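Engineer: Given next are the chains, with one letter for each unit.
There are 2 protein chains.
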Amino acid sequence: MATIEDVAKLAGLSRTTVSRVINDQPYVTEEKRQRIVQAMKDLGYVPNSSARRLRSQKTETIAVLLPRVTNPFFGNLIEAMEQKASEWGYQVIVCQTHHSRKKEIDYLQLLKTKQVDGVIMASLVNDWKDVEPYLESGPIVFCNEYMEDASIPMIHMDHKTAAYEAAVHLLEQGCKHIAYASGGPESHLGAMRKQGFLEALEEYGRPFLDELNIDWAIDVSDGQKVFHLIRSDFPYIDGVFTGSDEVAAGLIYEASSSDWKVPEDLAVVGFDNQMVSLLMVPSVTTIQQPVIQMADKTVEVLIQQLLHPGAIAPKRYVYPHQLLLRNSTKRREAAIQ
Amino acid sequence: MATIEDVAKLAGLSRTTVSRVINDQPYVTEEKRQRIVQAMKDLGYVPNSSARRLRSQKTETIAVLLPRVTNPFFGNLIEAMEQKASEWGYQVIVCQTHHSRKKEIDYLQLLKTKQVDGVIMASLVNDWKDVEPYLESGPIVFCNEYMEDASIPMIHMDHKTAAYEAAVHLLEQGCKHIAYASGGPESHLGAMRKQGFLEALEEYGRPFLDELNIDWAIDVSDGQKVFHLIRSDFPYIDGVFTGSDEVAAGLIYEASSSDWKVPEDLAVVGFDNQMVSLLMVPSVTTIQQPVIQMADKTVEVLIQQLLHPGAIAPKRYVYPHQLLLRNSTKRREAAIQ
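The listed protein sequences derive, respectively, from chains A and B. Quick note: the first sequence uses the UniProt record's numbering, first residue 1, plus one each step. Quick note: the second sequence uses the UniProt record's numbering, first residue 1, plus one each step.
Please note that a few of the clues may not be correct.
Identical chains blur together in the list; that is why a pair holds if it fits in one copy or across any two.
Below, simulated DSS-like cross-link-like pairs (lysine-lysine); rule was C-alpha separation at most 25 angstroms, straight line [as the list claims (entries may be wrong)]:
{"id": "1", "residue 1": "K58", "residue 2": "K103"}
{"id": "2", "residue 1": "K112", "residue 2": "K9"}
{"id": "3", "residue 1": "K102", "residue 2": "K41"}
{"id": "4", "residue 1": "K330", "residue 2": "K225"}
{"id": "5", "residue 1": "K112", "residue 2": "K58"}
{"id": "6", "residue 1": "K41", "residue 2": "K103"}
{"id": "7", "residue 1": "K129", "residue 2": "K41"}
{"id": "8", "residue 1": "K112", "residue 2": "K102"}
{"id": "9", "residue 1": "K225", "residue 2": "K9"}
{"id": "10", "residue 1": "K261", "residue 2": "K225"}
{"id": "11", "residue 1": "K112", "residue 2": "K315"}
{"id": "12", "residue 1": "K112", "residue 2": "K41"}
Hint data in this document are derived by calculation from the structure and do not stem from the laboratory. Model, not experiment: these values are computed from the prediction.
Produce the complete structure using the sequences and hints provided.
Structural biologist: Here it is, written out as structure tokens:
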């Protein structure tokens with residue numbers, strides 16, 4: 001790799017002059033500056049970036065923290081964020097926290113060590129008080145996950161209303177005993193969903209008994225287990241809100257090789273409108289998040305903060321969801337539009 | 001954010017002494033060093049990392065370049081790599097190239113600018129001669145994609161044999177006109193697959209006519225289009241090698257709402273053993289890549305290069321695949337184990 005000495009030699013100038021050009025310092029004639037820039041180009045010389053960054057403190061890189069890319073919701077979110085960021089000349093790096101408090105903090109360090117200019121948090125496992133200090137090193141924006149008391153911009157969906165509507169839909173389809181299947185660490189977003197679900201049950205005078213609460217269901221194989229648990233131990237359960245298309249797919253897949261029918265014996269609602277929710281037979285009733293709009297706004301807000309520090313108020317942007325009615329809940333013909 | 005002056009003040013020592021401790025320089029008593037370390041801790045002071053990095057040149061960060069995380073093969077690969085890397089204390093950042101030559105080079109710059117210590121390339125769109133110069137800045141390892149003439153370690157599967165076996169399986173199931181559906185930019189890996197496929201056809205004396213070559217199929221909706229193209233224009237086609245479980249799922253989904261039956265009228269082979277290949281009805285015959293083993297070996301080889309520069313020969317590690325026989329090709333009962 002070319003060194004500063006190589007550049008000096010090729011340009012026929014002193015190391016000090018080269019250093020002045022690299023550091024944008026005065027006292028170098030335009031002619032000498034040109035010779036040095038040309039020599040740097042010819043040699044493929046990149047000024048030591050750590051030194052450059054010491055000066056400019058800019059990396060034009062944004063880190064996006066999320067639990068895992070194998071969840072298609074986050075995969076699609078990243079796709080959209082990346083496209084938007086590249087319109088502004090920013091590159092995106094993806095950091096998986098796997099819901100680990102330590103990993104989340106480790107990746108936030110990228111901000112402190114100036115390896116990235118700003119951070120988007122699409123999930124949050126630490127307490128806000130442990131995240132807040134990193135704001136001194138650069139802007140952080142929430143997308144998807146949110147925290148009532150955080151003093152940063154938040155872009156998200158109204159998960160409470162979404163879950164409420166899904167539960168009302170199941171109730172209107174005649175379901176009497178609806179299980180709530182979720183999983184992963186407790187989050188604000190998760191708590192909001194649960195709250196919406198419970199409000200619907202209360203409104204319809206349905207009690208939420210212990211056995212309706214399943215808190216370990218994350219993926220397809222969990223969905224399969226949920227089906228067998230319901231069928232063997234609580235066969236009166238006739239509806240499931242899963243909070244996940246993968247769990248819903250597992251339930252439906254397993255039901256198809258049993259004597260139970262979806263939706264007649266068991267109606268199932270997923271979440272996120274993943275491709276699999278369309279491919280399943282029956283197709284899965286699910287909630288569509290406005291992924292692209294949320295991603296675009298998040299990137300826009302973050303970059304505005306980078307370009308005009310302090311100019312952005314810590315506003316909340318709440319985007320509308322859509323309950324997509326499909327065959328996995330079609331118990332009453334008339335109710336499906 | 002705390003400054004070096006704050007640390008000096010709290011420790012009751014000079015700025016120079018603090019600077020000596022930060023830079024691991026001598027002439028500081030252990031007692032003073034302890035006071036300064038404690039003051040840094042109390043204030044949450046992080047020595048300017050760019051300066052630190054100038055000295056140590058280590059970030060303990062690995063970048064993984066891949067086309068997109070929404071492809072579950074790459075999602076799973078990243079999961080496994082991250083787990084392995086964290087065992088060694090390395091963090092992983094994910095960089096999506098979207099098959100763009102420019103983005104690939106932009107992310108390789110992370111190596112040149114010392115933002116990462118090493119790079120794993122799970123795909124490659126530039127010519128090797130344009131990637132090679134970055135080796136001067138740090139180690140690069142190929143995983144999944146490979147290049148015969150590249151002088152770096154390569155960890156991959158034998159795609160030629162995998163495609164050959166899949167094609168032989170379709171031929172043995174009685175398929176006479178087998179389409180080859182693929183998509184995306186031409187890659188070495190893609191060329192190898194095609195070669196294996198064509199060798200099988202030749203061995204069985206089947207010609208590969210123009211209409212059998214479909215080169216624009218990447219995702220589920222492409223798979224749906226492929227089905228309609230075959231059904232309307234080339235109904236004698238009775239088998240498809242897709243190179244993608246998503247394309248296979250699209251084909252099968254669309255066939256299920258037509259008068260065609262899979263596998264009787266059209267046998268379909270996917271690739272990668274994604275979850276969807278199991279959930280489809282019929283389930284999809286596919287090729288399983290040894291994702292975890294490849295990821296583990298790749299991270300191990302890269303970290304060995306970081307720890308012992310120059311100690312690793314540019315070896316190739318070829319891992320075995322598995323053809324998983326499922327219902328989407330089950331035309332002849334006896335042939336399925």
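Engineer: Each of the hints needs a verdict: does it hold here or not?
Structural biologist: Hints, verified against the model:
Taking the shortest alpha-carbon separations for K58 and K103, both the intra-copy value of 23 angstroms and the inter-copy value of 18 angstroms come in at or below 25 angstroms. Taking CA atoms no more than 25 angstroms apart as the test, K112 paired with K9 passes between copies only; the shortest distance there is 22 angstroms, against 37 angstroms inside one copy. In this homomeric assembly, K102 and K41 come within 25 angstroms of each other (Cα to Cα) only across copies, at 17 angstroms, whereas the closest approach inside a single copy is 42 angstroms. Proximity of K330 and K225 under a CA criterion of 25 angstroms is satisfied intra-copy only: 23 angstroms inside one chain copy versus 28 angstroms between copies.
Taking the shortest alpha-carbon separations for K112 and K58, both the intra-copy value of 12 angstroms and the inter-copy value of 16 angstroms come in at or below 25 angstroms. When the C-alpha separation of K41 and K103 is checked against a cutoff of 25 angstroms, the pair qualifies only between copies, where the shortest distance is 20 angstroms, while the shortest distance within a copy is 39 angstroms. When the C-alpha separation of K129 and K41 is checked against a cutoff of 25 angstroms, the pair qualifies only between copies, where the shortest distance is 17 angstroms, while the shortest distance within a copy is 47 angstroms. Only within a single protomer do K112 and K102 lie at most 25 angstroms apart by alpha-carbon distance; the minimum there is 15 angstroms, versus 28 angstroms between protomers.
Taking identical chains as interchangeable, the C-alpha atoms of K225 and K9 are never at most 25 angstroms apart, the minima being 70 angstroms within one chain and 60 angstroms between chains. In the homo-oligomer, the alpha carbons of K261 and K225 lie at most 25 angstroms apart inside one protomer (16 angstroms), although the nearest pairing across protomers, at 31 angstroms, exceeds that limit. Taking the shortest Cα distances, K112 and K315 sit within 25 angstroms of each other inside one copy (24 angstroms), while across copies they are farther apart (38 angstroms). Proximity of K112 to K41 under the C-alpha cut-off of 25 angstroms is restricted to the inter-copy arrangement: shortest distance 15 angstroms between copies versus 32 angstroms within a copy.
Hint 9 from the list above is the single one not met by this structure.
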